[in-house]
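Novice: In my numbering, the protein residues as written are 316 to 580.
Treat the hints as calculated values from the structure; they're not laboratory data. Warning: the hint list may mix true and false statements.
Pair by pair, the computed Cβ-Cβ distance ranges are [said to hold, decoys possible]: (1) Ile-489 - Met-525: 54 to 60 Å; (2) Arg-431 - Asp-486: 14 to 20 Å; (3) Glu-407 - Gly-467: 21 to 27 Å; (4) Leu-538 - Glu-504: 43 to 49 Å; (5) Glu-471 - Glu-407: 17 to 23 Å; (6) Ile-489 - Arg-426: 19 to 25 Å; (7) Gly-523 - Gly-460: 37 to 43 Å; (8) Glu-359 - Gln-428: 30 to 36 Å; (9) Arg-541 - Val-464: 57 to 63 Å; (10) Met-520 - Arg-431: 37 to 43 Å; (11) Gly-467 - Ser-405: 23 to 29 Å.
These numbers come from a predicted model, not from an experiment. Even glycine gets a Cβ: it sits at the ideal position worked out from N, Cα and C.
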Amino acid sequence: MVVTGRHRQEIKRALAAKITNFVIFAVAWVPSAISSSAPPWNAEVQLVFDQALDETTMPDDSFETLIPFLHQWFQTSDERAEHAAGKKLSVEDLLESPPSNRGLLYCIQGRVQEIRAMRSPHQEMEEWFIRLSSGEPLALYVPAGQIEVAAGAHVEVNALFYKILKARAMDGQIRRYPVFLGGRVELREDAASNQMKWQRMDVLMLLGFMLLLAMVLVGVMLLARRQLPSERRKVVPMVDGAVDLPDDPAEALHELRSRAGGDQM
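Please model the entire structure based on the sequences and the hints provided.
Specialist: Printed below as a string of structure tokens:
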């Protein structure tokens, strides 16, 4: 069989297409294989992020498209997965330039302010409001079925920046908040809670030491009391009843003297 120049070009094109498809597959697969905390990435997901509109309400059409992706991320991530090192979180940068940060991975660490269950048809999602250590608030949307935490708990989560939300705050003012879409939320203990734990342990140790000291003192007192010699007590007999004496004072005095003398004999 004679291979013409045209056939050679077609073979090269087919081989180049296969190589291109392999590279695309490898690029999409490697990040999730390296760390289970990173999202399963593809070009379609990035396109949905790019189509998100800032300063609009939540949920929106793009959010509904991303829900299956978020559930897949949540189900495939390890409960104890290490958080991927993403871009440094700066709320100011996000508010100033949302398009250039859209779809980037961040590791969010902060305290839970409120958790809300979303209404149908998004009941499989939850809305979390997180306050960063810098004091700046943000909105986080994650699949339901997360850990049960109370307000004030310190959490950590990998999340993708989605858009800017414009809403009315509790003080009545219209404010702008960064919105993130995340996978698995993990509970974390910060330095303040650890310090409080150590302080409670110090108090308990001090109370235990004081109790032990009191028990030792009581034991010493009991031992010293047992070693002291017992004192003999003299029993003074008491005369029961009244003594009959003569009515005459002189005779009564004589009677008392005679009785006293009789007792001394």
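Novice: Taking the hints in turn, state whether each one holds.
Specialist: Right, here's what the structure says about each hint:
no.: 1; hint: Ile-489 - Met-525: 54 to 60 Å; verdict: holds, 57 Å
no.: 2; hint: Arg-431 - Asp-486: 14 to 20 Å; verdict: holds, 19 Å
no.: 3; hint: Glu-407 - Gly-467: 21 to 27 Å; verdict: holds, 25 Å
no.: 4; hint: Leu-538 - Glu-504: 43 to 49 Å; verdict: holds, 47 Å
no.: 5; hint: Glu-471 - Glu-407: 17 to 23 Å; verdict: holds, 21 Å
no.: 6; hint: Ile-489 - Arg-426: 19 to 25 Å; verdict: holds, 24 Å
no.: 7; hint: Gly-523 - Gly-460: 37 to 43 Å; verdict: holds, 42 Å
no.: 8; hint: Glu-359 - Gln-428: 30 to 36 Å; verdict: holds, 33 Å
no.: 9; hint: Arg-541 - Val-464: 57 to 63 Å; verdict: holds, 58 Å
no.: 10; hint: Met-520 - Arg-431: 37 to 43 Å; verdict: holds, 42 Å
no.: 11; hint: Gly-467 - Ser-405: 23 to 29 Å; verdict: holds, 24 Å
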